[in-house]
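Chains A and B, in that order, give the protein sequences.
So in my numbering, spot 270 of the first sequence is number 270, and the numbers just go up one at a time.
So in my numbering, spot 176 of the second sequence is number 176, and the numbers just go up one at a time.
Note that these hints are calculated values from the structure, not bench results.
These figures come from a predicted structure and were not determined experimentally.
Any copy, or any two copies together, can satisfy a pair, since identical chains are not distinguished.
As a list, the in silico DSSO-like pairs of lysine-lysine whose alpha-carbon atoms are at most 30 Å apart:
(1) K257 <-> K473
(2) K98 <-> K38
(3) K473 <-> K13
(4) K13 <-> K280
(5) K165 <-> K280
(6) K473 <-> K432
(7) K125 <-> K156
Number of protein chains: 2
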Amino acid sequence: MFESAELGHRVQKSVYDQEVPALREALLNAQFDLGTSKKCPVIILIAGLDGAGKSGTANTLNEWMDPRFIQTHGTDAPSDEELERPHMWRFWRQLPPKGRICIFDGSWYAWPIFERAGGRIKNPKFDQALEEVRRFEQMLIDEGAMILKFWMHLSKDAQRKRLKKLEGDPLTRWRVTERDWKHFELYDTFQEVSERALRHTSTAAAPWIQVEAVDARYQKLIVGKTLLEQLRLRLDRPPSRPEIIQAPAALPDLDGKNILRSLDLTQKLDKADYDRELEKYQGRLNLLTRHKAFRDHNVIMVFEGVDAAGKGGAVRRITQSVDARICHITPIAAPTEEERAQPYLWRFWRNLPRKGRLAIFDRSWYGRVLVERVEGYCAEADWMSAYGEINDFEEQIHDSGGIILKFWLSISREEQLRRFEERQNSSFKRFKITEDDWRNREKWDSYEPAVCAMLDRTSTEIAPWTLVESEDKYFGRIKILRTLCGRIEENL
Amino acid sequence: MFESAELGHRVQKSVYDQEVPALREALLNAQFDLGTSKKCPVIILIAGLDGAGKSGTANTLNEWMDPRFIQTHGTDAPSDEELERPHMWRFWRQLPPKGRICIFDGSWYAWPIFERAGGRIKNPKFDQALEEVRRFEQMLIDEGAMILKFWMHLSKDAQRKRLKKLEGDPLTRWRVTERDWKHFELYDTFQEVSERALRHTSTAAAPWIQVEAVDARYQKLIVGKTLLEQLRLRLDRPPSRPEIIQAPAALPDLDGKNILRSLDLTQKLDKADYDRELEKYQGRLNLLTRHKAFRDHNVIMVFEGVDAAGKGGAVRRITQSVDARICHITPIAAPTEEERAQPYLWRFWRNLPRKGRLAIFDRSWYGRVLVERVEGYCAEADWMSAYGEINDFEEQIHDSGGIILKFWLSISREEQLRRFEERQNSSFKRFKITEDDWRNREKWDSYEPAVCAMLDRTSTEIAPWTLVESEDKYFGRIKILRTLCGRIEENL
Numbered sequence: 001m002f003e004s005a006e007l008g009h010r011v012q013k014s015v016y017d018q019e020v021p022a023l024r025e026a027l028l029n030a031q032f033d034l035g036t037s038k039k040c041p042v043i044i045l046i047a048g049l050d051g052a053g054k055s056g057t058a059n060t061l062n063e064w065m066d067p068r069f070i071q072t073h074g075t076d077a078p079s080d081e082e083l084e085r086p087h088m089w090r091f092w093r094q095l096p097p098k099g100r101i102c103i104f105d106g107s108w109y110a111w112p113i114f115e116r117a118g119g120r121i122k123n124p125k126f127d128q129a130l131e132e133v134r135r136f137e138q139m140l141i142d143e144g145a146m147i148l149k150f151w152m153h154l155s156k157d158a159q160r161k162r163l164k165k166l167e168g169d170p171l172t173r174w175r176v177t178e179r180d181w182k183h184f185e186l187y188d189t190f191q192e193v194s195e196r197a198l199r200h201t202s203t204a205a206a207p208w209i210q211v212e213a214v215d216a217r218y219q220k221l222i223v224g225k226t227l228l229e230q231l232r233l234r235l236d237r238p239p240s241r242p243e244i245i246q247a248p249a250a251l252p253d254l255d256g257k258n259i260l261r262s263l264d265l266t267q268k269l270d271k272a273d274y275d276r277e278l279e280k281y282q283g284r285l286n287l288l289t290r291h292k293a294f295r296d297h298n299v300i301m302v303f304e305g306v307d308a309a310g311k312g313g314a315v316r317r318i319t320q321s322v323d324a325r326i327c328h329i330t331p332i333a334a335p336t337e338e339e340r341a342q343p344y345l346w347r348f349w350r351n352l353p354r355k356g357r358l359a360i361f362d363r364s365w366y367g368r369v370l371v372e373r374v375e376g377y378c379a380e381a382d383w384m385s386a387y388g389e390i391n392d393f394e395e396q397i398h399d400s401g402g403i404i405l406k407f408w409l410s411i412s413r414e415e416q417l418r419r420f421e422e423r424q425n426s427s428f429k430r431f432k433i434t435e436d437d438w439r440n441r442e443k444w445d446s447y448e449p450a451v452c453a454m455l456d457r458t459s460t461e462i463a464p465w466t467l468v469e470s471e472d473k474y475f476g477r478i479k480i481l482r483t484l485c486g487r488i489e490e491n492l
Numbered sequence: 001m002f003e004s005a006e007l008g009h010r011v012q013k014s015v016y017d018q019e020v021p022a023l024r025e026a027l028l029n030a031q032f033d034l035g036t037s038k039k040c041p042v043i044i045l046i047a048g049l050d051g052a053g054k055s056g057t058a059n060t061l062n063e064w065m066d067p068r069f070i071q072t073h074g075t076d077a078p079s080d081e082e083l084e085r086p087h088m089w090r091f092w093r094q095l096p097p098k099g100r101i102c103i104f105d106g107s108w109y110a111w112p113i114f115e116r117a118g119g120r121i122k123n124p125k126f127d128q129a130l131e132e133v134r135r136f137e138q139m140l141i142d143e144g145a146m147i148l149k150f151w152m153h154l155s156k157d158a159q160r161k162r163l164k165k166l167e168g169d170p171l172t173r174w175r176v177t178e179r180d181w182k183h184f185e186l187y188d189t190f191q192e193v194s195e196r197a198l199r200h201t202s203t204a205a206a207p208w209i210q211v212e213a214v215d216a217r218y219q220k221l222i223v224g225k226t227l228l229e230q231l232r233l234r235l236d237r238p239p240s241r242p243e244i245i246q247a248p249a250a251l252p253d254l255d256g257k258n259i260l261r262s263l264d265l266t267q268k269l270d271k272a273d274y275d276r277e278l279e280k281y282q283g284r285l286n287l288l289t290r291h292k293a294f295r296d297h298n299v300i301m302v303f304e305g306v307d308a309a310g311k312g313g314a315v316r317r318i319t320q321s322v323d324a325r326i327c328h329i330t331p332i333a334a335p336t337e338e339e340r341a342q343p344y345l346w347r348f349w350r351n352l353p354r355k356g357r358l359a360i361f362d363r364s365w366y367g368r369v370l371v372e373r374v375e376g377y378c379a380e381a382d383w384m385s386a387y388g389e390i391n392d393f394e395e396q397i398h399d400s401g402g403i404i405l406k407f408w409l410s411i412s413r414e415e416q417l418r419r420f421e422e423r424q425n426s427s428f429k430r431f432k433i434t435e436d437d438w439r440n441r442e443k444w445d446s447y448e449p450a451v452c453a454m455l456d457r458t459s460t461e462i463a464p465w466t467l468v469e470s471e472d473k474y475f476g477r478i479k480i481l482r483t484l485c486g487r488i489e490e491n492l
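Modelling step: build the complete structure from the supplied sequences, incorporating the hints.
Below, the structure written as structure tokens:
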């Protein structure tokens, strides 16, 4: 795999000195166009063995371009805030907005390769991690990001020579540590593991670019020229994503049956039962969140449902029973300017809670496959790929100890009308009804298939949807509290 | 001081039950108006002794209003990311944007009171901390925030009774720990310390409101009603800040002398000397940032100067010599939507680096007293108070181990014209000159007094301004590098 990167590529100093000024100018121009057009974020990964000139290359790119609009990240040990979230959280918070460049020295490949080379994980787990990386990068690409992945390669022989040479010079001797030689002994293992990583994650849209790292001039010039070429390509001729994709969004409706219509909305709870049950589950929930084992988990709740389905009331019955200091509600409205410059899921990632806390999303990332689909705010290709992206997102939350609950609150069309009219006539609730609500109601029939598809595709074992018959508010609220308590209990 | 809060205030259950529904409705309406008008952020502090119903009150406010737009913060131990920044960083990141409510259970008072009561700091240091808090709150108020500070009070006798009562009931016995009785023994000390804190920080715009905490109904109703009254006052009749203030912005110019004009702009360095000095200081800077002691510090650099004064070139000479992974540049442009919903300094606070890193601000918080003053983007009262706010900000950075360097790059009017023309004729630099630059040049005479006032008021021992004669680029760059190395050396 690395054959082309062991040919002894070199660039003469005279050639280098002649080429660099024009390259710099062109790169600066491209960077300027990128910044003004805000066409896409640019993500550059620089990976490879120790001593293969990774940080040198990153520094050179900073030198050649305007460093004010480049952010360079190393792979430090994660902070405690990062350790309390899914592994990928630290990378999400480092993603560049549109128009900016980000260089990752290390990146999301560091951990899986290091763990595999050290024998702490086996191939199945390794492949799984690589597959997650592949899907993450695909998501970024689908969101319009440009990703360039450089693998800096040194043959075993070149690596030995490099270390010997450094050791031989009294001025550079200090740079070679015992750890370097220990890593050198692992060369073959690292090589084997890396090759597998590259094989599994070299995709059409984000291939690995192998760069021979013996000659620094060659290495820098190759990286610079590749970056320039790709930037110009993207700036001058942006790729168009297919708007319509050739796959069935849903099965045709033959018999009028669907999961929503099959709900029994006549289920009720009388006031006395409700009061008793409410007290019971609120008390239980409070105790659960004060349980010692709860500190190792967090709870992520999603509330979806048509307008006036009772989301707010249900949320309130939860917040009433837990300490406000450990509970954070994120009401989802239009994204802010900073959020719009990032991939769709970014604004949810940034609101993931630390351990020992509850996060409630009043509407959520499912907006992509509900309102955005129905209103045509995004292309079919976008919402069709969102199902998979969402499942990946939730799996990562689950893998880091998160308990995910997703509630779909269901009411009938008639009940919605009744509640709308009630709201209009109540000063107490006047602000709960808007023109938008009436407009959305008109689209009831378009929402139904979208909801059914969402339930089919995203109700997973680790993050199941709970359908809540909310025609009777008491019944719905108790079902939610009971489900919540049950899921936490299972996990403690 | 606490006399009014030891009168045995009580509210009958019947009164409470009768009052709460109307209060809730009014609070919800006020909160809705706040959210739609985005008039100001609302910051509610709930402080006081353990067991004085602080979190109960916070929970009740969440229950009465729409919890989706309230964020409640406890005072957990700071995370490592927080520990590597000034003490107040954690509160800055929790500040609510305009239109939202934030409840602090604990807040910025917790640490000073706790330290003083524990005898770890003495009164001078305590008073200093309180003074910092006072200025922080004044800044928030000047920025338009509404602050309500509730002090929950229990007399010693009431506190003893409360603990005894809890212990007496087998159902609540677990809630009383040895720590509670230990705290009780410190009651008088805490009381004395708290009184001093309240005395020093009760200001006209943010007075402490003492609430007797014996009767929960009284406590909640008082807090709810006060909040409602203040919200309505603010919403219906926003306070107007004086636009023009009665203080001299600068001394009259009698003799044409000022600090900028006194600079010797003829200072030069020839190319050979420059190359030698550049190599020397870049090497030294690189070594300094790899020094072990550097990990306990961070470097915050500010670059200001007229257009084309050479800020970019100077920044580049610094970034060239340090690892890109530990250096972050924040170019200051127009604030984003999220930044506009926060106090002026918020966007700089959010970019403060962790330890062992360098942060470069290409233009900075000084925009307030330069461009915003000259262009009239803010009122005189705003930029006049900015000097003090900025000094406070920098002092906090310094106190947490930050090394602050501020460079003012000075060139003559003629040199600026020469550089503008050069830029216009160079394809390489074409994007460095805009219509704005020519427009700003017209305002040269208005900028001069603004710069002089800035230097006079914000060049402090802990964060001095370095005036850089940049007529000759070589001279200017070396002066900057030499100053930077010197300041880091002093601090390691």
